[in-house]
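Residue numbers (the numbering used here), protein chains in the order written: chain Z, 216 to 497; chain H, 1398 to 1861.
I should point out that these hints are in silico values taken from the structure, not numbers from a laboratory. Incorrect hints may have been included.
Unchecked claim - Here chain H is said to cover these stretches of chain Z; the calculated rule only asks that three of the stretch's residues, wherever they fall, bring their Cβ under 8 Å from a Cβ of chain H:
1) 293-299
2) 326-337
Stated by the list, open to error - Covered by chain Z, per the in silico footprint, the following chain H stretches (three or more residues, Cβ under 8 Å):
3) 1494-1508
4) 1695-1706
5) 1780-1788
Note that CB positions come from ideal geometry on N, CA and C, so glycine has one too.
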Amino acid sequence: MRGLGGSYRARDAAGLALCSLSLLGCVLGFRGEAAFFGEHDLSQTEELRISLPDTPLSIVACAADDAQNCPPALLYDGRWLSVAGSRADARADAATPTLRFERDDGFATLAAEVPLAVDGAVDLVMGQLQLPDDRHIDARTGVGDVSVRGTEASVVVDIDVGDVEIRGADGGLAVRTGQGTIDVVTPGHAELRTGAGSVQVEQSGDPRDLTVQTGQGSITVTVASDADIDLSVRTRGRIVVRTPSITTVTSGRFERRNGNGSISVVLDSPAGDIEVRSVDPG
Amino acid sequence: MLRAAWALAGVLGLAPGSSEPSDGPPDGPPDAPLGLSERASAGEGLREPVSTREAGVTSADAAPGTTGLGRLVVGPGRPGVLHLVDAGGHHVATVSLRPEGRTVVEIPPGRYTVRDAEGATVASVEAETDQVHAVELPEAWQVEPAERSRASGSDGPSAPSPAVVTGPLASPDAPPPSEVELVPRRRWARWAAPLLSAVVPGGGQALNGQPGRGLAIFTGTVGLVLGTVAVWGARDPAAGATPDDPGPSNAREIVRLGALGGLGAAAGLLYVGQILDAHAQAVDRRPPTPRRRHVIALEVARFSTVGFAPGQPAYDLYSDWSLAIMGQLVPRVTLGISDLGIKLARHRRMVTVQAGARAAYRFFDRGRVWLAAGGGVLLQGTRANAAATPLVDDPDEPPPSAERALSMVPYAHFDARLFLLDRWSLGLVPRVSLPLWARRYRGGRSLPRYGTTFELGATLGVYF
């Protein structure tokens, strides 16, 4: 990772004025910012784990077979934000933390290294990450929306709070968010869980296994086909199924097995509405 | 003077366990309450303060009926003279204390101050219509049981001491009790009232016979708690999650955080205060006498400030719970160990241990209000797991070790305290501090060095 030096912006005057007027108290200081970008070789890497503190993640996969425009490398940019008691400290603190890339055979990690001296006083804001589409991705963060587009390999997303948007993940998909919506269009099998938020998923390829759980929120599923589906739906809310061979409006629990039942679709929500459609409306 | 004109004092020598008059009034029938007969004459024309006189009392004397007056029972106590002064500062009655008996004074309802011959306040008491209240004298005015026994000339086994009844005076039509029994205010209420207030704010006040006060406290406490919860719930847990999303405005966030801290502190102070108040009201309703000559004081404090934070949201509420043990070296000067606390964070398994030293000078202490100013230094030691662990252990490299950091935060503060009981106070403590290194808070958050910090503390203190 290379830094682009430190820049700073002065304290928010309006906020400071309000803070000073508040009866509770306030803190006087400065904000700092340091931009960075990084490039790491992924030629021997099959799977990349991105494990970062609270930050949005936007991952774009390029076509691995287009070596001209898609080098076997991880490219990214971003910036560190800081708060400090002086301008010099704000600038220095923003430039102190780093992103650390390590590789072990076919597995690589990208993680943040924040010294204790500035831990709690800096915040990471990632820009876009780019890598070839045949690398498996495992993305983890605390608070931050995650977007993954174009990956043909598998994708795993595990975050505490944030919305998740996936386009691709042909090799399979697993998503967990503590709070946030999930929006997926994938040809692969998928296992999606959110503590609070709605889920919208569309199977864009052949029929695949699908499991969706929400703590609270609706589920909307568009299956590739209902020919060999083993459908299990459970919610206290409304259940609406409209596929070529299944049509029902009910609530509580609904199960249907078509053909050999080799494609398992399990949808579970305590109270949210669940709707199942088909790519081919019949 | 009007109160003084209405004041009637009867000195009633109560023979323990006896229904016989010991010092019968020379001019009153045994079944006619002396106080009542005197009140009648006083109400017709007395305009001067009436001194108490000694008189006997019989069982019938305890059933004066509904008089519209309140009764105060004083003593027994060391021989001396006490003066009753009403809320307007007018002298109402003079009470001669005796070690062998109690003195009962009938006076119009209201709050009175009991003063000694030099004019110093001995106690305060509230007289209520048709109620009997005991005036609790300080230890200096109380007599030992043995001394009381000698004074009453009792050589045999001591008879049970008469006590003071708190409650309505009996109806004149009611049959006279066979024995005068005066017992203190409900002793169980001293603990039941605060316990009930701890469970249901205001419940203790209602138990003490102050339903209006209890309802006001209940409404206020519930309102503050609900307000705190509502303001806390107004936060956006996903703030900063979406790229380029500015999130809530800085002004809105500062106002929200300020309200959160202020409401939380107010709710806490009111909650604790009403528990202390329930105890105070159950014991007696005199103003507290703060322990100026205390040796040790224990204080629990919560300091809060709205500080800036990196990223979004751009501001955060930094709260710090701590404990202080302060000693009073010389009158008005305190010095001790302060800011004791531990802060934990799951992040990197961070542990921060905090302690400090503080000195303060109390420059004002009148009535129930104390004002002090001082300063101190807060020290922090923090341990956290290594910032990053290597993907592959390198046998040639030592494993990453935990990181440690120290911090020092000098500060100055102003301390305003209000005593609700003789030993218990609530306080507000504005404080300004300057961290010389990053100051740690709960959850791994921190304020940077040189970040001048203005805080407001809410404290609960107990004095020994």
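We went through each hint and held it up to the structure:
no.: 1; hint: 293-299; in the structure: holds (count 4)
no.: 2; hint: 326-337; in the structure: holds (count 12)
no.: 3; hint: 1494-1508; in the structure: violated (count 0)
no.: 4; hint: 1695-1706; in the structure: holds (count 6)
no.: 5; hint: 1780-1788; in the structure: holds (count 5)
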